[in-house]
Amino acid sequence: MNYKMTSYILGHIAVLEAVLLCIPFVLSIIYGEDTLLGFGIAILALVLIGVPFSLKKPEKRDFRAREGFVIVALSWILLSLFGSLPFFISGYIPNFIDSLFETISGFTTTGGTILSDIQSLPKSLLFWRSLTQWVGGMGVLVFIIAIIPKSDAKIIHLFRAESPGPQVGKLVSKLKFTARILYGIYIGLTLSQVIFLLFGGMSLFDSFVHALGTAGTGGFSSMNGSISAYNNAYIDIVITVYMFLFAISFNIYYLILIGSIKQALKSEELRTFVGIIFISSLIITISLAVNRVYSTLGETIRHSIFHTVSMASTTAYTTADYNSWPLLAQTVLFLLMFIGACAGSTGGGLKVSRAIILIKTGLNEIRKTVSPRSVLNIKFDGKTLDPAVSNGVLAYFSIYMFIFAISVLLISISSIGGLNFITNISAVNSSINNIGSGFGNIGHTGNYAFYNAFCKMVLAFDMLVGRLEILPMLLIFNPRVWKKKF
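My numbering numbers the first residue of the sequence shown as -15 and each following residue consecutively.
Careful, some of the hints might be misleading.
To be verified - Derived DEER-like restraints, expressed as beta-carbon distance ranges: (1) Pro36 x Glu349: 47 to 57 Å; (2) Val225 x Val31: 38 to 48 Å; (3) Phe189 x Ala433: 23 to 33 Å; (4) Ala389 x Phe80: 22 to 32 Å.
To be verified - Subject to a maximum C-alpha distance of 25 Å in a straight line, what follows is the list of computed SDA-like cross-link-like pairs (lysine to any residue): (5) Lys363 x Asn348; (6) Lys40 x Met(-15); (7) Lys107 x Ile7.
Simulated from the structure, these hints should not be mistaken for lab results. Just so it is clear, CB atoms sit at the ideal spot from N, CA and C, and this is done for glycine as well.
Turn these sequences into a full structure, and let the hints steer you where they fit.
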């Protein structure tokens, strides 16, 4: 382990978070809120810790994959610990575990909350909640790569450890330019959504809060009732469109920008994702229409498509209480939570590309049973997939399901009485897939406040595991990783 290089990068992360905290700090001054001390202490602490470590470059700057994974895991833990201080010090979330849970939920773009009255929070804290989701959506280390010049050989491990999906690569020859392109697209889409929401009558503050929450596919809102509080068809449509846009791979946007539209549309993952959205929306619409949940077909279609895209993108904004919908509609939404969004997007879940590879691998195994001597390759996007990738997907899914099962068991043993199986399994599903909302007690108007401290930390760990795609969080518990060889 290259401790000096690890400390150097973590120092930069601390300084960056201090800079980000200056935004809600200024808002606290503008609105005359009592959160100034909380933000001020957090900024000062981060500067005192980050500056000394980030000033002096280590002589030996090489690090391998394991350092990359560890740096990513520690970065997200550091961001969450210090990011929770404004909530805790200001007294609006007086329990530190609750503050930490809320912050981890933000940075991991999960969107689960322990707050029952969101609208009682000062605007500076509401903005910080949504900003954590925006930062977590693309990844803070991707931003560091974009602004700090380093050789690709040194930082590719950071990029791969933080970026979601079974395969991660560069868009252009230089990794820092790839990071800049990604953030350029990210910022552009976010600002365009703010403008469209303003046209719908939403205030400037609320427009930013919901655009940041949509961009990170986290779903934090400034309203207790989420998007349903506005009861505005135009706002529903805008957010639906942008939830979809942020749920597809940013590589698609790059291909469109360079004029390779045909190549972009050939993406197998994109076509599959669109198909999933269409079929799921159709099933839910029929289910709601048959059961006459809404008085008009237009309203039925509007809520069906919104919640389909919301759950598939793992944003989990809501316009209605889907817990009261027919069982078929609820089941479709639950399955969408597992699959999630596309690789290379800001969405969570298993990822559509992994689902495709798992299905194709399973079908190949069935074919081999019939024809044992046949040599069958898995094709993805028209190309033969490297066996290492498919094996990696199988390994990922196995560990994913193991952590899922253990987490359900742990919170079932430790949670307070009165909780049912649906609530517990939904809480783990929502946490590990970075969705936040779920079924049972954590549905449309529910939250996670009823869980005890142990359960909240289990779920917070699941959020980090889901966002960082397992390995970084598991490796920090391996003693061999921490052996010094530099």
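Hint by hint, here is what the structure shows:
1. The hinted window of 47 to 57 Å between proline 36 and glutamate 349 holds, with their beta carbons roughly 55 Å apart.
2. As the Cβ distance of valine 225 to valine 31 is approximately 40 Å, the hint placing it in 38 to 48 Å holds.
3. Checked against the given bound of 23 to 33 Å, the beta carbons of phenylalanine 189 and alanine 433, roughly 25 Å apart, stay inside it.
4. Checked against the given bound of 22 to 32 Å, the beta carbons of alanine 389 and phenylalanine 80, roughly 29 Å apart, stay inside it.
5. In summary, the hint linking lysine 363 to asparagine 348 is supported, as the alpha carbons are separated by about 11 Å, within the 25 Å threshold.
6. Annotation: proposed proximity of lysine 40 to methionine -15 holds, straight-line Cα distance about 18 Å (limit 25 Å).
7. For a cut-off of 25 Å, the pair hint linking lysine 107 to isoleucine 7 stands: about 12 Å separates their Cα positions.
Hint compliance for this structure: no hint is broken.
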